[in-house]
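One letter stands for each residue in the lines below.
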Amino acid sequence: MHIPDGFLDPYWAASTYIASIVFYAVAYKFKRESLGPQKLSLLTTLAAGIFVAQMLNWPLPGGTSLHLVGAALAAILLGPFYGAVAMGLVLLVQCLVFHDGGITALGANVLNMAIVGVLVGYYLYKAVVRAMGASEKSVLLGAFLGGWMSVFAAGVLCGVEIGLSPQFPYGVSVSVPVMGLWHLALGVIEGVITGLVALYIYKRSPSLLQV
Amino acid sequence: MFGFKRAWIVIAVLLLVSPLFGVVLADMVGYHEPLDIVAERLGLNDTSEKVNWTPFFDYTVPGLDPVTGYIVSGVIGVAVILAIGYTARRLWPGH
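Residue numbers (the numbering used here), protein chains in the order written: chain L, 5 to 215; chain P, 60 to 154.
I should point out that these hints are in silico values taken from the structure, not numbers from a laboratory.
No experiment lies behind these values; they were computed from the predicted model shown.
Ideal placement from N, C-alpha and C gives every residue a C-beta, glycine not left out.
Treat each hint with caution, since some may be false.
To be verified - Distance ranges between label pairs, derived from CB positions:
#1 Y174(L) to L150(P): 45 to 51 Å
#2 M136(L) to M87(P): 39 to 45 Å
#3 A135(L) to D105(P): 25 to 31 Å
#4 D124(P) to Y174(L): 42 to 48 Å
#5 R134(L) to D124(P): 47 to 53 Å
#6 M87(P) to R36(L): 25 to 31 Å
#7 V26(L) to R149(P): 25 to 31 Å
#8 W151(P) to Y127(L): 24 to 30 Å
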């Protein structure tokens, strides 16, 4: 889902950069938790883990591939702000060191995966755990739905960005259904992995999870 | 920084098996994600190779075969993230 250079027109490239920067500035101001050494270690470890997990591409029947995004997992462990920081760090390193995701599209990739993906994953997970009470069942279900929907939301937004460009007046009618439907299907795998990892962590050290 | 031993063991194992998924299977089956499908239909052009600044383009390392290069790239990426985390920890107010 990493948009490379050349896909976005300048309007979308600039506006997504601005939206991402504004989000981090505002979220920093209103974040509730401070970052202690333990949480900074968790953030760094998680960013490294998500970076490596994203290198594992799974080819699927039908000729489509996917890899883990990890946005919901970051959100569940770190909360919305630091989750977005961890994902932003992964995307920044991928872009600058490996040119995975374009430099002109970094704002969009951050907005899709590090901000919208994290927020959707976080609030969906939180809503399920709140509604059902903290338990193995609610953590598993909340993390599953959070992971699934975070990938779906990021995919749809990605489709909007690359489809709504003046060069391709009808692009969005192609890009949004393709991105939306594929990610609705592929996101189930993200949901299952997010759910199982969250459940494992909840069983071993529940204090690490946002509940 | 290293308080999550089990997680780091998992990261190391994932790094070692990553070329199987990222290089070998991708070469056999072809890596093709939904975004590529959209790009084909809309005729979008990926200009990454024309404007490139990094020697580690697409997880390769100059002079190394793709499999070794993929693992070394992974190690480099993890090292950069760790260095940023370590620096942040040193510079953070109150630490």
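Go ahead and decide if the range 42 to 48 Å is satisfied by the Cβ distance of D124(P) to Y174(L).
44 Å, holds
Do the Cβ positions of A135(L) and D105(P) conform to the proposed distance bound of 25 to 31 Å?
43 Å, violated
Taking the Cβ atom of M87(P) and the Cβ atom of R36(L), is their distance within the range 25 to 31 Å?
48 Å, violated
Can you let me know if the beta-carbon spacing of R134(L) and D124(P) is within 47 to 53 Å?
For R134(L) and D124(P) the Cβ distance comes to about 51 Å; the hint holds.
Do Y174(L) and L150(P) keep their Cβ atoms within the hinted range of 45 to 51 Å?
49 Å, holds
Could you tell me whether the CB distance from M136(L) to M87(P) stays inside 39 to 45 Å?
43 Å, holds
Is 24 to 30 Å respected by the C-beta to C-beta distance linking W151(P) and Y127(L)?
28 Å, holds
Indicate whether the distance between the beta carbons of V26(L) and R149(P) respects the range 25 to 31 Å.
This hint holds: roughly 29 Å between Cβ atoms.
Of the hints listed earlier, those the structure fails to meet are numbers 3, 6, in rising order.
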